[in-house]
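Chemist: Chains as they are written, first to last, in the working numbering: chain A, 216 to 642; chain B, 16 to 343.
To be clear, the hints were calculated from the coordinates, so they are not data collected in a lab. Keep in mind the model is a prediction, meaning the values are calculated, not measured. Cβ atoms here follow ideal geometry from the backbone N, Cα and C, with glycine treated the same way. There could be a bad hint or two in this list.
Said to hold, decoys possible - Incomplete in silico selection of chain B near chain A, CB under 7 Å:
{"no.": "1", "residue": "Gly29"}
{"no.": "2", "residue": "Phe143"}
{"no.": "3", "residue": "Ala212"}
{"no.": "4", "residue": "Pro224"}
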Amino acid sequence: MRVRIAGARVVDPASGIDEISDVYVAEGRVQAIGKAPDGFTAERELQATGRILIPGIVDLRARLREPGAEHKATIASETRAAVRGGITTLCCPPDTDPVIDTPAVAELIHQRAAESRLARVEVLGALTRDLDGQNLAEMGALKEAGCLGVSNALAPVTDTEVMLRAMEYAVTFGLTVFVHAEDARLAAGRLVHDGPVATRLGLPGIPEIAETIGVARDLLLVEQTGARVHFCHLSTGPAVDMVRDARSHGLPVSADVAIHQLLLTEADIDGFDADCHVRPPLRSVDDRARLRAGVRAGVIGSICSDHQPHEVDAKLNPFPQTEPGISSLDSLLSLVLGLVEDDELTLSQAVAALTSGPCAVLGIDRGSLAVGAAADLCVFDPHERWVLDDASMLSRGHNTPFKGHRLAGRVCLTMVDGRVVFEAPPA
Amino acid sequence: MQSPGDTLQIDAHGRLKHFLSIEGLNRELLVNILDTAESFAGVGERAVKKVPLLRGKTIVNLFFEPSTRTRTTFELAAKRLSADVLNISATTSSTTKGESLLDTLRTLEAMHCDMFIVRHAESGAAHFIARHAAPHISVINGGDGRHAHPTQAMLDMFTIRRQKGDFSSLKVAIVGDVAHSRVARSQIHALVTLGAAEVRIVAPRTLVPPGIQSMGVSVHHDLRSGLRDTDVVILLRLQNERMQGALLPSSHEYFQYYGVTEEKLATAASDAIVMHPGPLNRGVEIDSDVADGARSVILRQVSYGIAIRMAVMSMAIGSHAAADRGDD
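Please take these sequences and the hints and turn them into a complete structure.
Modeler: See the structure below:
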């Protein structure tokens with residue numbers, strides 16, 4: 216279908232575009248921005264005056280719960296929530312059940328996503344077999360099955376020799392290693408930030424050094440092996456500094472932050488709010504400020520949803536016995552736009568961290584509206600306000616501390632490969 | 016005024032609805048609890064040790080963690096208020112069969128109980144139960160994880176007030192494993208709220224949780240200087256499992272540096288009292304000479320525990336009764 220989207224403010228940091236322009240889409244690709252290509256006749260005209268058009272959002276980390284935890288969510292349910300929120304590509308960590316340590320599981324997920332025909336779903340393969348932290352997974356086979364990187368998800372690789380060999384082996388196949396940097400012994404049996412709020416509530420705390428020691432070890436291993444390493448969900452200010460320094464020394468490392476880390480702090484767990492139970496934990500106001508600065512400076516190149524949908528019962532327990540994680544596909548874009556409204560990020564920084572940043576980490580040719588690029592895009596109304604609640608959430612998991620919040624910006628249209636996968640009903 | 020965050024414990028009229036934590040309760044309410052306990056303190060000495068305040072009420076001791084003295088004193092307190100008492104311990108209950116905490120709660124609610132006394136190994140368990148219990152049920156925290164043990168703290172305050180009168184001139188030292196102690200956290204909140212002149216923590220660095228100063232205490236690592244001029248010395252129980260792992264080298268070394276002996280007490284005020292929530296580890300955190308000595312008020316703490324628990328139970332159920340009558 217040949218489509219003309221007219222009058223939107225087109226923001227595409229990867230191509231340096233920020234202008235009110237028309238976008239022409241045909242054959243699944245962006246044909247032109249500005250002037251219509253010769254002989255272009257639109258089969259469909261979409262008026263988008265007053266709206267913003269960006270490349271489709273690429274979410275570096277979202278649990279879709281399939282296979283293994285379909286009582287929480289499914290690929291069909293979560294990709295529907297994703298496209299409602301302007302997300303066109305989701306990347307799924309390997310801690311499914313069974314773990315993505317064989318091509319069959321990767322293929323199953325790709326196939327389910329293809330059946331849903333909504334968002335694209337990418338997968339990371341396991342770094343070690345069954346995420347056991349001891350035996351290398353068959354990374355070569357996983358790469359051939361389409362895995363865009365390897366990871367041990369939240370499972371620790373305590374043995375430094377295993378991590379060294381895993382990085383070396385990943386280098387062999389040109390695979391990026393996605394790490395959850397944490398000293399497992401300093402985190403074992405603990406669950407919130409080791410600070411005054413944890414002390415007051417009597418909850419065992421994970422100290423900041425659990426993260427910085429993990430980052431330090433893995434940075435030294437990068438220096439040794441030359442492996443390309445991506446640090447997932449940084450939570451501490453000092454870790455941001457360490458990644459910044461490593462990048463300035465030319466090490467091939469990158470980092471992301473979960474959206475909730477840019478908004479919440481340890482204070483939000485007060486009153487034992489299980490919706491704020493996340494891993495790594497919410498930390499201090501200072502950490503949050505340094506994470507935001509890290510995004511502004513480009514040290515943290517990606518903001519992800521870190522989507523973890525749960526059934527109601529998962530949070531209905533005393534705080535330490537609840538499952539960590541926030542359901543955030545529905546709110547990712549609006550929460551990031553809130554940071555733009557608060558002048559924490561520019562629109563261009565925000566869009567880059569949702570599009571071109573994560574694409575660079577995954578090594579995929581998306582996240583831009585360059586002529587000829589796949590027409591994955593999203594149009595939203597930056598002025599529309601909406602309330603995040605049970606009725607407005609499409610994710611199967613409704614576990615979010617932002618419920619009841621009035622959020623900024625609502626998606627009107629999402630396209631994947633030039634195909635409309637979501638369109639808001641006319642007002 | 017209570018801070019808005021305390022709507023869980025306090026009803027719209029400032030009455031105690033649940034008793035989950037000292038944190039967030041104001042001085043007036045704490046004094047009210049102490050005064051009410053004072054009126055119950057004589058009941059145990061009478062020939063008929065009962066008052067009919069809670070006749071017809073059913074109180075459930077819901078203990079997910081073993082306890083002898085706390086459960087017993089709650090039971091005695093409830094019986095002296097003429098309530099019916101049901102004891103449920105996790106080892107014999109359906110939770111070991113995989114029933115969720117919430118399902119256990121619903122089952123008990125269906126039996127028309129009026130109050131749950133909850134002890135649980137996880138911090139926040141009492142808050143969780145209070146938040147999800149039916150509106151006619153009061154929840155009293157009998158100790159949750161490392162978080163709070165508010166009735167223990169109040170019986171300690173009751174003991175201190177009886178011995179010392181006013182809080183405003185008191186220097187208090189809390190000695191021992193603060194990091195793992197729900198008792199210490201509740202004591203600190205209570206002492207600070209009641210206006211104690213100074214509250215000190217005395218412990219090796221490994222047993223001091225980060226940011227404890229923000230609760231209004233100073234931290235000492237040396238016992239003698241920590242006890243200097245104190246009027247009240249509160250010892251905490253050091254659990255045996257702390258000797259495994261990296262927190263402490265041995266009970267022998269702990270006693271040498273942090274065990275309270277008559278000789279180390281010499282720097283405290285001459286009329287200082289010594290308290291301990293029990294059970295005692297003689298020769299670890301306390302020397303027998305001190306435990307059984309003239310300054311010790313340890314056994315009095317136990318008997319005052321009944322009066323405090325009677326006070327809290329009658330106040331919490333009373334708030335419901337007042338709400339039912341429409342006393343606004």
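Chemist: Compare the structure with each hint and give your call.
Modeler: Going down the list of hints, with the structure as the test:
1. Against a cut-off of 7 Å between C-beta atoms, the interface hint on Gly29(B) is violated, since the closest Cβ of chain A lies about 19 Å away.
2. Below 7 Å, beta-carbon pairs count as interface contacts, and Phe143(B) has one with chain A at about 5 Å; its hint therefore holds.
3. Taking 7 Å as the C-beta cut-off, the interface hint given for Ala212(B) is violated, the closest approach to chain A being about 22 Å.
4. The beta carbon of Pro224(B) is positioned within 7 Å of a beta carbon in chain A (closest approach about 4 Å), and the interface hint is therefore held.
In the structure shown, a violation is registered for the earlier hints numbered 1 and 3, in ascending order.
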